[in-house]
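Participant: What follows is each chain in one-letter form.
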Amino acid sequence: MRDEGTSRALVRVTDLRKHFPIHSGLLRRHTGDVKAVDGVTFDILEGETLGLVGESGCGKSTVGRTLLRLYEVTSGSVVIDGTDIASLPPEALRQVRPKMQMVFQDPQASLNPRMTLAQIIAEPLDEHTELSRAEKLERVHELMDQVGLNRRFANRFPHEFSGGQRQRIGIARALALNPRFIVCDEPIAALDVSIQAQVVNLLEDLQESLGLTYLFISHDLSMVRHIADRVAVMYLGKIVELSPRDALYARPLHPYAKALLSAVPEPDPATEATRRRIILTGDVPSPANPPQGCNFCTRCPEVQPLCREVEPPLIEVSPGRQVACHFVQPENPPAGAPGGPEANERIQQGAGP
Amino acid sequence: MPDGAPPVLDVRGLKTVFRTRGGEVHAVNSVSFDLRPGELLGVVGESGSGKSVTMMSLIGLLPQPPADIRAGEVFLAGRDILKVDPEELRAIRGRQIGFIFQDPMTSLNPVYTVGMQIMEPLRVHLGLSKAQAETRAAELLDLVGIPDARKRLKSYPHQFSGGMRQRVMIAIALACDPKVLIADEPTTALDVTIQAQILELVRDLRQKLGMAIIWITHDLGVIAGIADRVMVMYGGQVVEQAPVAELFAHPRHPYTRALLQTIPHLTGSRSARLRVIEGQPPIMSGPPEACPFRARCTHAFDRCHLENPERRPVGIGHDVACHWSPPVAVEVAHA
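Line by line, the protein sequences are chains A and B. Just so we're aligned: 340 in numbering that gives the first Met the number 0 is position 341 of the first sequence, and the numbers increase by one with no gaps anywhere. Just so we're aligned: 139 in numbering that gives the first Met the number 0 is position 140 of the second sequence, and the numbers increase by one with no gaps anywhere.
Excised from the complex, chain B in its bound form (with noise of 0.2 Å):
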């Protein structure tokens, strides 16, 4: 990737928290990244880790309240998107961001053909005729590998398969030609061999089109296959962040590396138990004062109860949350 190029994306010190019955939530507490032209970066995270909710804060896709974005900033083409009005960030959402869902069922419309829902886009922010948007949907349906694309823009969402409503959902996406791509979760609902036809059209729509892209997901392997740079997520905060190598050959954070032992390989040898991450993620009911891993981690000492640690350097684009330091180089054992 090219590296000093400016940022497309720059995120600093992001907090959202949302207002419960049962008190206050805070799923992101203090994120930064940025994310590079072209580059692909991998969001890696449990289940409440605040990946999705980090990219949903930064393109205001959150409902206020419940949601308080408590502090940050969100620098998207030299411009800060979370002081812009509303009316403002949409036509950045539909231009510049491109979004990408997990369920391709429920966030395509039912009653709308699919060639309405791709040339909605075109028409409200490109300001495309009917015929233009259509010509254009035509094309995007073919980008994304669906045959017979001019027919198929009269099918509706419930006449295509999980994994074609799936590359609908990234023709929408790629529609105003964005800059940036956010994929939440993309291929999760759906099936191995479905997802590696998604993933072999990421592949080949990034050489084509070289958006910047992020990636959110929990499976690992996706990540290695896809990302360039990964950023680890634990109870709302990056943990560790390094480039892809980098992360699977010498990951530091003791959760990044618990994670990696404990998943089961499809080759190499086979350990005969696998290794246990004990406890449970945890309940971020107040803001952090302590490292949100100490209560699972094998390496905690006093200072991990006291104070929550700082994302420091390690390596060239490496940086990692912990106040312990392993030995560096450590090779996490493939079981």
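One chain only, chain A, in its complex shape (with noise of 0.2 Å):
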């Protein structure tokens, strides 16, 4: 995963937490924390997609914000193209920004009503860019190009677009100052069906003619699958399974993956009628008081005694594939690593359908 070799890492994440204080009592004082994301690391690479799934209080919203400084960081260090963003001061901050942007799930709370399309996506124009009226026009009108909206709208408010079209001024705002980097937080989430792919296709198109990285969030595992290189599965604030996306989908190994890419409806009447489903009892615990020992060991149906004691390690499992189970060993530990028969064992047990 910290190869520089063949292609680099644009965005490294590295121990990363969010923890959003909970204050309580007369005197409001600080008596908990909601360890929304705790402790996750991952590396996006250049060009790449990499998914981020969960179920919603997951945290990986949390994690896109973050990652962009929407909030401030709790702890551990976020580089973007070789700048620590986590501890940047607001000015040098403001300086990197435009090459970090974000794609919203609502295109309805993300976009001013009383803004006109130019207006909203020249705004970051504005603030950024020492550009004349007539070139920043120029260029609103080169980006409506690039998503696919007709000039003549230029002078039109949000609330006189579809849903599709208001996402297609979100991604036009969102390229405005030629980012790098883009944090695509549910884009899709709030479109019909029939637009999904319309609105999937043109971040693909972009990505591809302009280089682009993503990070990629979203419940929608299907279009995760269509979409991204490499896919993160958070749970309860940590990710637990960080695999190539072939990989992941047609052999999860952490028990919640599996149960998560189980639960997915197919559409296909004879798959659905025959396909073996993990149902998972119970809900999400509370991430103001997440279980001791593994965040899953509450729900997961192969727990054992030692996941209730100790937390597991995200470890790399094969090239590539980080698992953090203790029952998912290495497939090849190298000599003189912890391992052997009893190792074996549990591979089989962790690989299981």
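Since the hints were made in silico from the structure, they are not lab data. Wrong hints could be hidden among the right ones.
[Unchecked claim] Straight line, CA to CA, 20 Å or less: simulated DMTMM-like cross-link-like pairs of lysine to aspartate or glutamate:
id, chain 1, residue 1, chain 2, residue 2
1, B, Lys14, B, Glu45
2, B, Lys150, A, Asp282
3, A, Lys257, B, Glu199
Now that you have both chains on their own, put them together as the hints suggest.
Facilitator: The structure is reproduced here in structure tokens:
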């Protein structure tokens, strides 16, 4: 994963934590923390799309926002293109902001209803460039062409557009300053099925023509399979599995990843009639009070006593695949590493269907 | 599903129009369908396709005005429920038709305990005493898989998680043992692992109770796993209807075909590019005079712009509203 040889890591996240304090009582004393993101480490290579999946409340959106420092970082580092975003003073942060942008989930809420489309798209240009009015308009038109919006609409307001078109406006705004890295936070979740493909294809085209790097946050595992090169699965503030796309979908290793994939309904009655689902019992525990040991131990169908005591680290189990589970061991343990017959047995357990 | 048995619900030519400041919106246009005993009918469509409005119209849950049910008949157990007076309709709704909404938080009253909300229909519609209702409510919570049921009756909605609240909603809908259960996007607000729990519960309840269910969703995956028969809606109309296996194997309407091709899959080969349905859904400001899908259809020809197609049979239990006739037994390439 940390290989500089083939492809350079544009984004390097190391042990990132974001805790939201809980204040309670008359004096609003600090009584605890919601551990929304609790120690995640990953890289995003230049030009790739990293999918970040998980259920609501697992911290995937918080990761996206903390990465761009829309939230202050509790601890850990976020290095984007050589600069540690996490510790940058405000003015220096402002200087690097053009490099990293965000596309939000709800195009209704993320566009100012009183601004015209041209004003919305030009706002980042006003803030970060010295372009003349004519130059700005030229750039706005260029961006509108890029995202497939008719130039005639430049003076219209967001409410005059459909959901899919609004999302195009959000994308044009994100592209205005030629960013290198874009966090797409559920960009298609609010759109109809027939419109989703239009937006996803647009994102892919832009990635190819502009060499963009994406963090694609979504709960739609089928769409993530389509768009992502590698996928990180989050559960309760931690990454439980990070794998190349095809390997993950063909054979998920972490018990949560297995259950999550098995729960996604497939649009095929024959498959649906025969497939074996892993139905998880219960609900996700509160991130303010995560369980001791492995975060997934309260719902894991393969739970062992060890899981309730010791937290499993995220380790590389095969080239490019990282899993945080006591019972998924490296497939080819290097000589001298802990392993042996017992570990082999565990692999079989972990890799079951 | 038992064929030949008389339908429990028979809807004919339903038309609903909303009067708004910007003019009329023809949300439901001549929708006809039936629901057989014990069957699960999936209704698929995008937002604005009229699927929810159809169901709300037929049980009289739309405020009139702005809604106006212009035409149609809805037979429930042989009676046209669009013609009964409001008081009687209320009784029918409680006793014979159960309803589950998308968002369990907004459909449960936050200031009453869950127990009171389950007991209310039991006492109003079945006339049970408080003690009887309480026993039955605990049974219902147990039935929908809520542990420690009797104790949980005293809990308030906010003390339940999203999935548990939806279970409570199902318990309320099932309280009076309805013949028909209408579920409007009941799992859309839930996470996939919780959705899987609810789908499993519904499969199980169907076995135990055998009521007929109308399941509204935009998720073709959910439909594939749970429905017996599917009705596809577009622009306020039913554009295609077929048994579930038939619909997925041999979709005939260009919209259904495009929809099945546009969604990415979890397994199988992965296409480099998603197939796109160009354009936007229609704005239904007048009564339909042409095919609602014509502007986005790759097969549209002259007739599609002049005449709204009627539904015509194309197979056993399979009908489609389209002028264009696809070659028989076309396979959708699962991209």
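Participant: Evaluate each hint against the coordinates.
Facilitator: Evaluation of the provided hints:
For the hint pairing lysine 14 of chain B with glutamate 45 of chain B, the CA-to-CA distance comes to about 18 Å; that is within 20 Å, so the pair holds. Between the alpha carbons of lysine 150 of chain B and aspartate 282 of chain A the distance comes to roughly 19 Å, so the proposed pair stays at or under 20 Å and holds. Simply put, lysine 257 of chain A and glutamate 199 of chain B have alpha-carbon atoms about 17 Å apart, close enough for the 20 Å limit, and the pair holds.
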